[in-house]
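Letter by letter, the chains look like this.
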Amino acid sequence: MSTYWPWWAGAVGLALVTINHTLSTDRSLGVSAAWDRVLHWRRERQLERMDDEFTDDQALAEALAAATAEHFGTTATTTSTVPQVPYGTSQPPGAEAGSAASEGPAATSLRPAPLITQAVLLVSIFLGGLIAAVTSGRFHLRFDMGPGFRNLVTADSATMIAVLFAGGVLVGFGTRLAGGCSSGHGLSGCGRLRPVSIVATAVFFGTAVAVSFLLWKVI
Amino acid sequence: MRTRGAVLLASIITGLALGYTVTNIGFGDYAELNRMFTFQDPRMLLSFVGAVVIIVCAFALLRVRRTPGRIHAGVVPGALLFGTGWAISGGCPAIPIIQVASGYLPALITIVGVIVGMRLCRWANARYFHLDRGSCGL
Numbered sequence: 068m069s070t071y072w073p074w075w076a077g078a079v080g081l082a083l084v085t086i087n088h089t090l091s092t093d094r095s096l097g098v099s100a101a102w103d104r105v106l107h108w109r110r111e112r113q114l115e116r117m118d119d120e121f122t123d124d125q126a127l128a129e130a131l132a133a134a135t136a137e138h139f140g141t142t143a144t145t146t147s148t149v150p151q152v153p154y155g156t157s158q159p160p161g162a163e164a165g166s167a168a169s170e171g172p173a174a175t176s177l178r179p180a181p182l183i184t185q186a187v188l189l190v191s192i193f194l195g196g197l198i199a200a201v202t203s204g205r206f207h208l209r210f211d212m213g214p215g216f217r218n219l220v221t222a223d224s225a226t227m228i229a230v231l232f233a234g235g236v237l238v239g240f241g242t243r244l245a246g247g248c249s250s251g252h253g254l255s256g257c258g259r260l261r262p263v264s265i266v267a268t269a270v271f272f273g274t275a276v277a278v279s280f281l282l283w284k285v286i
Numbered sequence: 130m131r132t133r134g135a136v137l138l139a140s141i142i143t144g145l146a147l148g149y150t151v152t153n154i155g156f157g158d159y160a161e162l163n164r165m166f167t168f169q170d171p172r173m174l175l176s177f178v179g180a181v182v183i184i185v186c187a188f189a190l191l192r193v194r195r196t197p198g199r200i201h202a203g204v205v206p207g208a209l210l211f212g213t214g215w216a217i218s219g220g221c222p223a224i225p226i227i228q229v230a231s232g233y234l235p236a237l238i239t240i241v242g243v244i245v246g247m248r249l250c251r252w253a254n255a256r257y258f259h260l261d262r263g264s265c266g267l
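Chain order of the listed sequences is A and B. Using our numbering, the letters of the first sequence correspond one by one to residues 68 to 286. Using our numbering, the letters of the second sequence correspond one by one to residues 130 to 267.
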């Protein structure tokens, strides 16, 4: 079994993945957004079909604003002159589009990536992880989360299941409420110096530090 | 505007490279993660911070758009919940996938939790919060 990569190799690897994705797709990398869209694929497919029916962004934006208003239970504003809220979970891109006009290459499409590419992204993450685990000799089927989890959190199977489920719910709920995760806010967002991403990353990292110290020193 | 095929190919490359990279850094290893968050071992933290520094420089050189974003009411509470969940389960949304790929079968429960949490968030937002939360996927 080989050791983990040194810090500089990890930094270069994560940076190359993020930069390459941004440049080659015209969009930011965001794993939690991919999860969210795949989980709600029926609605996302419906929005994509609407997308296909419109050839100009103005008509598309008005239709999506109406759909978003229905989703959020608010009143639709169809008189806007800029795209309001394309797709239920995305933010109004009008201001960003305006600021981009004077800043050269955009490298951020206003339209979400096709749904199929988001599902493929998640499956590819699994395959990439599998290749890494097998080639490094770390692949090992097991019914626990390893000695670290056993020593720091719990050695009891039932408690482990409860903790993992509760942790997963917090991760799923929290990332979507905050609008991103460690890849979307942490890498892509901080890489773009977005204030919202810097705040989110500081808060989720700071919280994880506090909880980890509690697990290590107190519990 | 990229074609659908180009975005699909890029997503495959990104997924494979991301899964390979985070697994080899050790983000799927709970003990390594706890050592990072408690500053016992700076290796993974430096990987993350180093990556952000490289990305900032590259985006500045390539003149990639700096998107301002909006700090809405869900950012801080959401990040608090996410940070807590990440510390106790060891999983941010990509990590349980690579944990399962490394053979940690209980991480499937984390994935079920993530799915429940995301569905719950969308339902709660539509019914109660009415927040435009933004999306990192654009």
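Bear in mind the hints are in silico, worked out from the structure with no lab data behind them. For glycine and all other residues, C-beta sits at the position ideal for the given N, C-alpha and C. Don't take each hint at face value.
[Stated by the list, open to error] Simulated restraints, written as ranges between beta carbons of each label pair: (1) B/P171 <-> A/G204: 23 to 33 Å; (2) B/R133 <-> A/R109: 39 to 49 Å; (3) A/A133 <-> B/L234: 38 to 48 Å; (4) A/V285 <-> B/V178: 23 to 33 Å; (5) B/G134 <-> A/G215: 27 to 37 Å.
Violations among the numbered hints, reported as their numbers in ascending order: 2 and 5
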